[in-house]
Structure formats: C-alpha cells, structure tokens
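Visitor: Fit chains E and R to the given chain V structure using the hints.
Letter by letter, the chains look like this.
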Amino acid sequence: MRANPADYELVAPGNLPDVLSLLAKEPGAWLPIAGGTDVMVLYAAGKLPARKLVSIWNLPELRRIEVLPAEVHVGGACTYTDLQEHVIIRREFPLLCLAGSWTGGIANQNRGTIGGNIANASPAGDSLPPLLAYEADLLLVSARGERRVPYRSFHIGYRKTQLGPDELIRAVCLPRQFSKYYAYVRKVGTRNAQAIAKVSLAALALINDGANNHRTNDDPANNRGVIEDVRLAMGSVAPVPLRLAATEKILKGKRVDSQLVRLAGQAAASEILPIDDIRSTARYRTAVAANLVAEFLQRLSAAG
Amino acid sequence: MTDSSRGRAKSKISFRLNGKLVTVETYPMARLLDVLRLELGLTGTKEGCGEGECGSCSVLMNGMLVNSCLIPVLQAKDADILTIEGLPSDGRLQKLQQAFLDCGGAQCGICTPGMILAAHHLLSKNPQPTMEQIREGLAGNLCRCTGYVQIFEAVAKAARRERQHESESR
Amino acid sequence: MKNGGVVGVPVPRKEGHDKVTGQALYVDDMVLPGMLHGATVRSRIPRGKVKKITFGPGIAWHEFVIVSAKDIPGKNCIALIEEDQPCLAEDMVRHPEEPLLLLAHPDRHLLPKAVEAVSVEYEALPAIFTIEESERHSGIIWGTDNTFKTIPIEKGDVDSVWQQADFIVEGTYTTGAQEQLYIENNGMIASFDAQSGLTVWGSLQCPYYVHKALMKLCGLPADRVRVIQMETGGAFGGKEDYPSMIAAHAALLAIKSGKPVKIVYDRLEDMAATTKRHPSRTRHRTAVSKDGKILGGEIEFTIDGGAYETLSPVVLSRGAIHAGGPYYWPSVRIRAKAVATNAPPHGAFRGFGAPQSLFALERHMDRIAQAVQLSPIEIRRRNFLKPGQTTTTGQIVREPIDLDKLLDEALEFSGYQAKKRKFAIENRQQSYKKGIGIAAFLHGAGFTGSGERYLASQVGLEICGDGRARVLVSSTEFGQGTKTVLCQIAAEALGLGYEDVETARPDTHEVPNSGPTVASRTVMVVGKLVQSAAIGIKQTLTSSGLLGDSYSPAEFRAACRTYVATRGQLRSFAQYEPPEDVVWDDEKYRGSAYAAFSWAVYVAEVAVDLTTYSVSVDDFVAVQEVGRVLNPVLAKGQIMGGVAQAIGFALFEKVIWEKGRMQNGQMTNYIMPTSADLPPIRVYFEELGNVHGAYGAKGLGEMPMDGPAPAIVNAVADALGVRFDSVPLLPEDIFDALAARSSMETPSSAREGPRQNQ
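Chains as they are written, first to last, in my numbering: chain V, 282 to 585; chain E, 711 to 880; chain R, 16 to 773.
Don't read these hints as lab results, they were simulated from the structure. Incorrect hints may appear among the rest.
Cβ-to-Cβ under 10 Å is the rule here; a few derived chain V residues that face chain R [what the hints assert, rightly or not]:
hint : residue
1    : R283
2    : A287
3    : V322
4    : T471
5    : A575
The list that follows gives simulated cross-link-like pairs (lysine-lysine, DSS-like), each with its CA atoms no further than 30 Å apart [to be verified]:
hint : chain 1 : residue 1 : chain 2 : residue 2
6    : V       : K328      : R       : K67
7    : V       : K306      : E       : K720
8    : R       : K90       : R       : K66
9    : V       : K306      : E       : K867
10   : R       : K64       : R       : K271
Here chain E is said to cover these stretches of chain R; the calculated rule only asks that three of the stretch's residues, wherever they fall, bring their Cβ under 8 Å from a Cβ of chain E [said to hold, decoys possible]:
hint : stretch
11   : 246-253
12   : 390-403
13   : 439-449
14   : 490-498
15   : 647-657
16   : 672-686
For clarity, every value in this text was computed on a predicted model and none was experimentally measured. For every residue, glycine included, the Cβ atom is placed at its ideal position computed from N, Cα and C.
Looking at chain V on its own, in the form it has when it is part of the complex:
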C-alpha cells in the first residue's frame, strides 16, 4: 500500500445534487469514485494523481434501472451484478450481461459499475464493446443540466472522453430494438477468469428470415438469409473501443458464405490498430480479431 490516506480527502454527500454542485464549484478538482475497482488499485499503487475524491457509490439517482417503452436507462452507478440480476437486461441486452459476468470475479462485479467502466475509458473495458454494438447513448449530468451524447462518439482518444470535469454519467440509454438480433460476444483474456481482455468482440446481426415483416418492398424470398443489419464492436484493438464500420459495410446486404467470411476477416484485420504490450502482441490480436469475426459469422449462418 503505497499511498498515505492522510493525504486524501473523500466526501460522500449522499445525493446527486450535492455531488454535482461540488463538482461545479471546483471542476476537475474532485475525482468521482463509485465502486473503486479501478481508482483504488491506482491509489494503493501510489499512482493516483487526484487528492480529492467524491463518492458516488450507491447514489439512488444513479443506481437504478428504468425500463421505458423504447429504451432502458441503466444508471451509471449500477454494478455488473445489478446488470446480471435484471430480467430485462438479461433478456434484451445479453451482451452486456455476459460482459458483466466475466469482469473480474464476483467480488469485483459486486462493486464495479458501468459508469466507472465507461469513465475509466480503457480500451479493454469489458462492457464497452457491447455498448457500442447496442448503439447506446449516454446521459451526462452536471449542475448545468443534462445532455445526451451517442456513446459512439464519447471516446476521443486513449483514455480521453467527452466527459466534462463537472459531469457524471447519469445513465446509459439502451434502445430496445435488438430482440430479434443474433447476439455474440467473446472475450479473449490471459486466462479464463479475472483477466484483462487481449481482444474482444461484441456483435449483433439481423438476418432477413424471408418473412414479410421488413421494410423492404422486394420479394422477401429474394432477401432470405441476407444480413440486413450488423454491428461489430471490438475492445483492446485500438486506443478506444472500436466499431468496425468498414467491415460492417462489407457485410451489409450480403449472405454469409466462406468468401464473405474471409473478406470480413481481412477487413477487420485492416481496420484495427492493435499494439504489442505487456499482455499480448499486435500480430496475435490481429489474427484473433479476424478469427472472432469469422466465428461470429459462422455461428450467425448456422443459427439460420
């Protein structure tokens, strides 16, 4: 333990308005701490630059899940356990649930929060690729009010986000439009549990099933098996969690066959920017990224 607790302040106002007015009074001076699974590790290593912290753990306004007709709003201080225990999240947003189930062990899932995962902004964050795939929006709140930003544009660089110094992530808005999508998520870690991702893929796809319930006016039978919509989001392959837009473009409107799988793998490999680091190599990450995309497509095709 390389930090001196005497050097740090921690306050817990206990309600959102008081937290926000503190952040507004001294923007950038107070570091929000929720479950502490990232902040406390840095702190104990003597590597936390902040000296003043404000606890947002268990704030009632931030730790709730609201189910609306078209969206689900997951409060920023909801833990991974909260996510896994919620019926609607389990049913309609399985990628988020699964990601939560392999973020650390149970003890860390009981404390780690989705807001913390987002704000920490590591490209290896487990919940981040699913959020990209689900095209989530974030509700950012401050004393000045609330704004809604697409998660897709939230990360602006390595560990840099749009979050202002006086803002908190109030909620993650998940559109309820994916029940018919085929869902796939896989994390490749350094071991089977309690691991940081070396590569991960969260993917959703909607296949035309030949039934007469899609927007197109073409003869449905002609489009059976065609990929109508696809989202591929990867972690640990770039400075930020990444949507593979170019690869998605190649896939949209096509049927899965071995050639498409090959092209998609190649496209994914060119689209990502992996590095060599303490956990893995760029060439490994590239190969496995392509493999994950291929695996997703093969399973998609097998699921019919």
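Guide: For chains E and R alone, kept in the frame of chain V given last:
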C-alpha cells in the same frame, strides 16, 4: 458543503461488524482492509495483492462479497460487514469450516478466510451448487497451494451436509 | 506395542482449526509495542558504481531511522554457500532492485514517499541479461568467468556411440523464470536488546538458515540470535533463502533504532525483488539405435543464476542429476553450468532444477520417438530404467520399481489409447485440435549426495508433564503438512493417539536443527529421525520398568507422567546417520545421488482453440510411486497443488523482463491459473515402501512440478503437429508457430532422419 481542510482530517465512521456496532476514527480513504486489521485488530482478513485480484481480503458487505482492499472505509459507513471472525457460532465450526478441514481445503491457510467467505456467499445464494457453479463462484479467489480441487470438494460436502441436516430436521 | 493406525489415515491438519477460523497468526498479523515499519531503497539500474546518495526535500528525515552498509556490525553479506551477496550494496550494484538503504518510521504510510525521495547517482556499467551473453563473456560480471559452478557427469564411453548410432537426435529446450507467488508476501519482524540479543519472527522455511546469516551479519554468537517461524502463507522454495535477506534488513533497523521493526513487502516489491525459478537452456544430442534404444548422449544444461551465487550450485546439481530422467543411459556426458546475469538472484522453487532439465528430456524423448518412428509410449518403454541398472551417476536402482506398470496404469486411467483414436477423428474439424501427451520422470528425495551427511540433522522428542508428546524439529509448516505428518509419525511410533502429540514452534531457542524444510526431505528423512527418537523414548520407559512391551495410549501417558514426576525431563534426540549403502563421490559426481527416488508417469489431455490459440488442459492424470502415503488427503493435496503450479509454468506464467527487471509484477499481469483454468486433476499412488523413509515414505512435495509441463507441451505438439521447445507456451507463441508453418518456413535439424513437424 465541504471544508477541504476538514475533509483531510480523521472522522468517526460507524458500521456493523460481525453483528456489533463499531465506530472508528480514521481517514475516509483508509482501506477497509487496513481498518479491520489494524484499527479493529481483526487480522483474519488478509492482504495478498492490494489490487482486487486474489480475493484474500474478501469480506461480506451488506451480504455481498467484496474485496476489502478496494473499499475506502467511508463507503462502509452504516454497512453490515461480515469477516471470517464473524462466522463460527457458539464455538462450533460452521459446516463449511468443518468441510474444509475434512477435505484438505486449507493448506497454507492464507487464502482460506477469503475462500470460506466466498463459499459462504455462494451457498447463501445457491445452497445446492453444481461443481461448475462452485468453480465459477470461487473464481475470484486465488489459491496457490491446493489446485482448488479439495476446496471445491469441501464446498460440495458442506452443501450436502446442509441438505441432509435440513431433511433430517423436517 | 499395538499398531497405532495413525499413519496412513487422513487425520485432520494439526493447525487446521486456526486456519479455517482466521486465527492463525502470520507475521503481518503481529504487532509489537513501539514497533517501527521498515522499507528498502533499491537500485534502479542493473549494474553500476554508486556515486552519490541524496536525501531529497519534503521529508522529515530526522524522524527516520536510516541504515546503510556502514551500520552492519559484522560482515556485509547474506551467508549461504558463498558470501558474495551483500546485505546492502555499497560501491557497486549488480541487479535492479538490489537493496542499498533501509528506512524505518513509526508511520508506515510515510515510507513510500521517503523511499522515492532518496536519489542515487550511478556510473552505469554494461550489464548482461541472457545466458548467451553471459557464457560468451561479452562482459565479466561475476568472478573470473561469470560462472558460479560447473558440474561434469560422465558415464561410459560417450565418444564411441556416434558411429554406431542409427539416429542422432538433437534439440534445444528452454524454460523461463517463474515466480513462486505464495499468496502471503515476504515479511519479518526483528527486535534487539543488549541482554537477550536479536529475535526475528517471520514467514520462512528454514529458521537455521536465517540464524546462520544473522550471526555473521550482526557478529553475534549463536545463543544471542533467535529465529521464530510464524504461520507461513505459502513458500514453495521462495522462502528458503530470501528470508535471510529481509530478516537481515529488519535486524539492522532494530539494532540501530532499539525498537522492534516490521518489514512486509507488497506484491510489486516481492515479485520484482525476490527470487524466482532459474531460467534454463538444455541441449541434447542423443545417439539412438534403430529399435529406439538410447546408446548414449551429451546433455548440456545451463541455468541463469542472476547476480549472486546464492543457491545456484545446488539447483544446478539437482538439475544435472535429473537430466537423464528415468531411463537407462549406457553412456552419457552431462555438462552443467550456472552462470551469472544482472538480474535479482534466482532461487529455490519446487523442483529445484529438475523441472527444467526434465522438461527438456521429456520433450526430447518425443522428438526421439518421431525420429525413430516409434510412439511416445514405446520409446519410453524401451528405455525405462529397471531394477539393477544404473542411473546417469552410476547409482544402482535397488527399488523394485516397475515403470512399465506405472505407465500402463497412467494410460489406463487416462484412457489414452481410446482418446488418441477419438482425437484423430475429432481433429478433422477446424475449430479446435485435441491432443494427449505423457511424461515419465523421477525425483530424488532428500539432499543430494553427501548433503544429508553435511546437514547432520537432529530431531528431538519431548514428553510433557501430562504425558503428551512434543516433536522438536526446525522443520516448518507452510501448507504441505509438516506438523500433521510428523505428529502422525511420532504418535504411531510411540503408541499414542494423534491428538496426544504436537510439534513445538520452530524457534531456534527451542528446537534442534533438523535441516531446512526443502528437497522433499521432511517426511522421509526428518520423519525417520522422529521415529528413531520415539524408539529412544520407549526404551527409556521400558528400561525404567514403567512400560511393558504392549500398552494402550492411556498406559503410555501414565508411564510418562510417572517418569516426569519422579525422574524429571524425558527427552530423546536422534541424529542423522548416513545409510551405508548410499555412497556418493562429490569430486567425480558419481554414486548414489539420493537415498531414494519417487517415480511417476503423468498424462495431459489438451484442446487447442484455433480461434484464440489458447490451450485448455481438459484432463490430467498423475500416477506416482512414493513409498508410502502417510496422509492420503494431504498427499493428494500436494500433488494437485503441484500440478496446478506446473500448469502455470507450462501455459500461463511468463516473467516479462526489461534490462533485468520484472515488468509485470502485479497479479493482474503475472498470470497464475484460477479455478476456471484448471482441469480435474486425478491422482493415483503406488506404494512400494522404502527402508530409508519413515514408515516407508519417500518424498513427494516437489515431484508434481516435474511432469506436467512436458506432458502438456507434448500434448500440444500432438494436437497441432508443430514442435514447441519452450515454456511458458502462450497462445501468442502458438499463433506465431502456426503462422510460420503456413508460410512454409522449414524447421531445422536435418540430422533427425525423415523430416517431420514435431
């Protein structure tokens, strides 16, 4: 309202520890692990890594398994904390602890308090877990000595004994 | 005397109750009044001259106790085999993390900043980081030639075998460093006063090693140094010699301050600064006949010892002696050497050289199999040692060991043949490949050669006033079951119940030196001495007329109480006597290297996921002959735990080095297996007994470290048809090898006969 000089001072923080109310006067960023071990003298909870990886510092907070090395004591205010010292009742070993003894679940013993709390937590949510569920439930607790097999056997044995005990007491 | 029935029974762990209730006291659980906390200022460079030390601003230095080499009362060294390792570096540093200064303060939270505020100016010197650089003498960093020790083992006429050989098979195999990763970090508390002298309490394996080191460092006589072992949270060899260093540091601070001092490392410091398994490189060149018999060979075994000698000569010795494995070598030349690099000294880790040389050998056997076009099973059958044959050091195998039978059992329990057939079909699909691999090996119990004679271990047995017995040994418990098994042995030998025997705390003021708790010697060698001491007690009681030939435990205890009440203390000591049939020549490195070997065949089943290139071990069978199993639950636990650690060695645990410093010193980045990464581990014992061990027991604590790595890598090679000669074998390495194969790179070694990809 926050006075920044006051924020850096010690303050009184109260919580329930193993069923009894305690109050400590300490820094809000003191780790719960250190408060338990140093200020409250309960050394059963151990530090193995200081990064929330090994689970040796596991305690229950409001019935939830948590790593106490990652909890600033201020966040434990008014919480219900259970440590290994809070487990045995009436001087008799709980079924779980007895099963660990019977099956060889403890070798060097340093991971054992955290492991027992994790198992206790698992069994309280899932009284009859499969071997796979036991494996997953304890995946956040590292053991370097046992290779885990005898730990899982101990948990399974405790679950079986509980089931027998229940059916006998009907 | 009635058969006690205590040995061979899974009695509960002696100290188990305290462990499962959180009452067991480890060093960090102890607080002494007025205690200070200590910390270490360490080198940031691998090699250089110390020019200037500056104490930076912003720290109330007058509140700190500061110790440098100048404060050392005796000799500035950590005495072990050599005395080349300083306790605190003075003019030169020779590895990153080398200790330079010690600081102490009542408030431990002030120490990290204070350590950071000490700046050291160096004149950096060129440093060496690999075996190759060291042996090439691209710089001399230790002694005259960077070599701690060489060991030549020669048998038969090796030079004549090459012409007769139908195949000459070559291979080079490497193993990386491995961190012991005991869950309890190193820690010590020291206290000094002019009257009683120095006392240290700590996490340690060998109280008398620490005792010897402190005597020399502090210039104190034996009776003014006291070392007490606390409950120790895992050791695996990592607390064999390192505790002497941290005890020395705590002692110096305690002496200078006049207050008790506690030093406990955090994980980052422990990983970066303390010992690890020696990295190794083994080169094999083997002459083989066309029916697969080894005619002879050359084995070059080299280990990286780090910056100071410490235990390297002994690790080298065991590695060299085990390099030929459980096979008959008509002739062999083994050239073993331990070389220096500018890394923190490497040290003991379960297996102690044997996992390294046996990894190479067992990989090489599969390579030989391929060259000769025999199966891995058959090649081993044709070369297994048989009773009456001699080992590489010329030791005659006197045990009735039947390795064929052990192999048959392993094959049967693992379902080897059926799985091989199944996998051949299953592997036609693309997403994963399955394979199965074996390793056969032996592990010598006790100190090598004349080591036990040199140790001259002593054991005591004391009868207390209430008629219960106390075992007096310096052997320590750190999870492997020392206390439990020695009490079982004493109880059985005395005719008492298990609950009537306890062990004394390992305190150098209270117990004799029964040798270090290493080398799988505790049950076999020390246990045998406990048996002897028990016989001494019984003889005293019978010759004083208090006990008949047969008696109940209650009668025994009554006799003891009477004796103690009327005659006083009842104690018996036994001292090690080298067995006459175990003769070893230290000069020529020939003869009986160990009083007994345990033998094993392990089988690993793996699946390689071709999407992620990761290996999962799906099933593991461990069959071993260990003399006698004295406690089935503990024995199984040792094998399973060792196999788990060895799976880590094979597939997960990589030390990332940068200029001699470990970069991944946190549990997040140094990957040990979790419960989700391990297979069911199925353990089977054979028991042939052995005259040298207590109740026929031989050693078993280290042997499970020897077999899994080669069995697993053999299985991966079986699955993929690609050769791997290094551990740890990570998914990244598998990917690179598969990518290389598909871009048509040719593997080397044309001399192996028909070119094949294994």
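Visitor: Are the hints correct? Go through all of them and say.
Guide: Evaluated hints:
| no. | hint | verdict |
| --- | --- | --- |
| 1 | R283 | holds, 4 Å |
| 2 | A287 | holds, 7 Å |
| 3 | V322 | holds, 8 Å |
| 4 | T471 | holds, 5 Å |
| 5 | A575 | holds, 8 Å |
| 6 | V:K328 - R:K67 | holds, 27 Å |
| 7 | V:K306 - E:K720 | holds, 23 Å |
| 8 | R:K90 - R:K66 | holds, 22 Å |
| 9 | V:K306 - E:K867 | violated, 57 Å |
| 10 | R:K64 - R:K271 | holds, 26 Å |
| 11 | 246-253 | holds (count 6) |
| 12 | 390-403 | violated (count 0) |
| 13 | 439-449 | violated (count 0) |
| 14 | 490-498 | holds (count 4) |
| 15 | 647-657 | holds (count 7) |
| 16 | 672-686 | holds (count 3) |
Hints 9, 12 and 13, counting from the list given before, are not met by this structure.
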